[in-house]
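Q: Okay, here's what each chain looks like letter by letter:
Protein chains: 6
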Amino acid sequence: MPYVNIKITPEGATAEKKAELISGVTQLLARTLGKNPETTHVVIDVVETESWGLGGLPVDEYRRAKSGGG
Amino acid sequence: MPYVNIKITPEGATAEKKAELISGVTQLLARTLGKNPETTHVVIDVVETESWGLGGLPVDEYRRAKSGGG
Amino acid sequence: MPYVNIKITPEGATAEKKAELISGVTQLLARTLGKNPETTHVVIDVVETESWGLGGLPVDEYRRAKSGGG
Amino acid sequence: MPYVNIKITPEGATAEKKAELISGVTQLLARTLGKNPETTHVVIDVVETESWGLGGLPVDEYRRAKSGGG
Amino acid sequence: MPYVNIKITPEGATAEKKAELISGVTQLLARTLGKNPETTHVVIDVVETESWGLGGLPVDEYRRAKSGGG
Amino acid sequence: MPYVNIKITPEGATAEKKAELISGVTQLLARTLGKNPETTHVVIDVVETESWGLGGLPVDEYRRAKSGGG
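Protein chains in written order, with the numbering used here: chain B, 43 to 112; chain Y, 43 to 112; chain W, 43 to 112; chain X, 43 to 112; chain S, 43 to 112; chain D, 43 to 112.
Same shape as in the complex, but just chain B (with noise of 0.2 Å):
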């Protein structure tokens, strides 16, 4: 009966990723705690860097912050 609610950026998210990330996460739960694939639901959210904040700032800025500069 798992449900399970992946949220990333965007980078890299491709169709197969996604594919990987459902499969992978599916195996995890049947394999841990014998949850039925059949039952269990994946949802993938994308969500834009303006949208997500990490130390206070929107993350684009937080890794231009920490790789900075000088």
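Worth flagging that the hints you see were computed from the coordinates, not collected in a lab.
Because the structure is a prediction, the values reported are computed rather than measured.
Take these hints with a grain of salt, some might be off.
[As the list claims (entries may be wrong)] In silico lysine-lysine, DSSO-like type, Cα no more than 30 Å apart, as pairs: (1) D:Lys-108 - Y:Lys-77; (2) Y:Lys-59 - W:Lys-77; (3) X:Lys-59 - D:Lys-108; (4) D:Lys-108 - S:Lys-59; (5) B:Lys-77 - W:Lys-108; (6) Y:Lys-59 - D:Lys-77; (7) D:Lys-108 - D:Lys-59; (8) S:Lys-108 - X:Lys-77; (9) S:Lys-77 - S:Lys-59; (10) W:Lys-108 - Y:Lys-108; (11) W:Lys-108 - W:Lys-59.
Dock chains Y, W, X, S and D against chain B, hints included.
A: Using the frame of chain B, we list chains Y, W, X, S and D on its own:
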């Protein structure tokens, strides 16, 4: 005070159908638990089929596998 | 393929009422969009009133303020 | 370790406003509970008005009904 | 930057099993999309069976109906 | 019309602190985007540390590993 989130795949999810879902679930909460429609929020997320997995597969592939072959 | 999450405060949220919500919302999705009940998941979260805010106040205080005095 | 999800309708939800929300809510969690901004994630979902219901109606209709007629 | 939410029913959901899910899904995101484990958050919600519906029934009833009688 | 969900671990999450979060985030949305507090809902989920993962570990272990020893 209810908050309801409905996630569906895109087929047939027109503005009219969404309005029916909003109306129906709000009435259900009022009828079942006496919840006030004025504080009942409903958010509908339409999720692309490549981002929804079931049975370890994206739903398009899952449907093809089920209706499957031969 | 729908997934529905219903968040409510605890008053009256018995197992019987939850079963009514599960049945009602599953039927609504079948009737409105032809969704298959076998792949319709409903998760109900009961949220303590101290953890739910409305009008900038926890809901208990909000209700007192609304019914308010004088 | 906080995770915050903010759902809003689209009016005025520019990148600048989103950055203000990210900054503001991260500071609020640091000030109130001593949460570390480096592990505070904020995800903002912009939800189309046809997909948000209040009072049993999509919000556009709800607003028209409230400002209502005559 | 990923955020993962896993909802499961309580059977077998021990601290050890939760740690396996956390480790497994974090590795999956690193391997598949190169996501940094240091910013990968996983939240596991254990949902009572009376609060989870499938096929229009609470899951306990659903399982009884499926294993069904003679 | 905003809906805000805040997930935090349990340390220090008293009713008073929750009320501060509810008030603070509601004011933030009013100030930043002009959102009406009367339709701003905030739900706070307190998540046990064994159910929250970061860096591939449950947060208790993660914190021990970080503060870690010599």
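Q: For which of the previously enumerated hints does the structure constitute a violation, in increasing order of number?
A: 1, 3, 5, 8, 10
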